[in-house]
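Make a model of the complete structure from these sequences and hints.
In order, the protein sequence lines correspond to chains P and D. Okay, so the first sequence: first residue is 1 according to our numbering, each after it adds one. Okay, so the second sequence: first residue is 1001 according to our numbering, each after it adds one.
Treat the hints as calculated values from the structure; they're not laboratory data. Heads up, some of the hints might be wrong.
[To be verified] Quick list of in silico lysine to aspartate or glutamate cross-link-like pairs, DMTMM-like style, CA-CA up to 20 Å:
no. : chain 1 : residue 1 : chain 2 : residue 2
1   : D       : Lys1042   : P       : Glu56
2   : D       : Lys1042   : P       : Asp24
3   : D       : Lys1109   : D       : Asp1084
4   : D       : Lys1042   : P       : Asp86
[Said to hold, decoys possible] A short list of chain D residues far from chain P (calculated; beta carbon distances all over 12 Å):
no. : residue
5   : Pro1008
6   : Ser1028
7   : Ser1069
[Stated by the list, open to error] Chain P is nowhere near these chain D residues, computed Cβ spacing over 10 Å in every case:
no. : residue
8   : Ala1029
9   : Arg1055
10  : Ala1078
Computed from a predicted structure; not experimentally measured. Built from N, CA and C at the ideal position, the CB exists for glycine as well.
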Amino acid sequence: DTGVSQNPRHKITKRGQNVTFRCDPISEHNRLYWYRQTLGQGPEFLTYFQNEAQLEKSRLLSDRFSAERPKGSFSTLEIQRTEQGDSAMYLCASNQQGISGNTIYFGEGSWLTVV
Amino acid sequence: KQEVTQIPAALSVPEGENLVLNCSFTDSAIYNLQWFRQDPGKGLTSLLLIQSSQREQTSGRLNASLDKSSGRSTLYIAASQPGDSATYLCAVTTSTYSGGGADGLTFGKGTHLIIQP
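As structure tokens, this is what we get:
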């Protein structure tokens, strides 16, 4: 068990470019979550998957954001036409429904800076 | 909409002291409450998970309590050490959470803790 893995860890991009982040959850976990965190704030929920199904999306997730989990394993989060307001840390987390009281495990995050 | 507040926002104490971090939430219909630790620029590490039916959980020098009816939780750290310096985040899973999924967490802004050697 290597934990939740995210890459890239850091990304600097110009406004208007597209970026994609990848998350590899803990292998036996069926639930995968994406959160966004800005400086001085707690993480904010974006979306989550149960296996390959995207079950919930926050209102924070504008139409420029898309997330996939095609085989129920790894997930990608793509941001199109990035804006400076997208600069944040994007956190991925996973857990197994009904196991360990739903303790959730986070990755190290992917920092995005839009210049 | 669930809101989570953490007090104080920042705390600096000498090594060896016992300390209490506070968390309050507005909607008492929660599934569970978790305390996390976050080091600068890093992800979150789960410290303690308290189910809605439980009153407290303990792990080593950490003890978390939950008073669901009053919407409060505390994290007690005994005999603090410089290695405890980090931001501590409280998060709840709300049974009536909308737009967040069955296990979507609502976080507070955290308490930034510094333990002075």
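Structure-based check of each hint:
no., hint, result
1, D:Lys1042 / P:Glu56, "25 Å, violated"
2, D:Lys1042 / P:Asp24, "17 Å, holds"
3, D:Lys1109 / D:Asp1084, "18 Å, holds"
4, D:Lys1042 / P:Asp86, "18 Å, holds"
5, Pro1008, "14 Å, holds"
6, Ser1028, "18 Å, holds"
7, Ser1069, "20 Å, holds"
8, Ala1029, "16 Å, holds"
9, Arg1055, "15 Å, holds"
10, Ala1078, "22 Å, holds"
Comparing the model with each earlier hint shows a violation of hint 1 alone; every other hint is respected.
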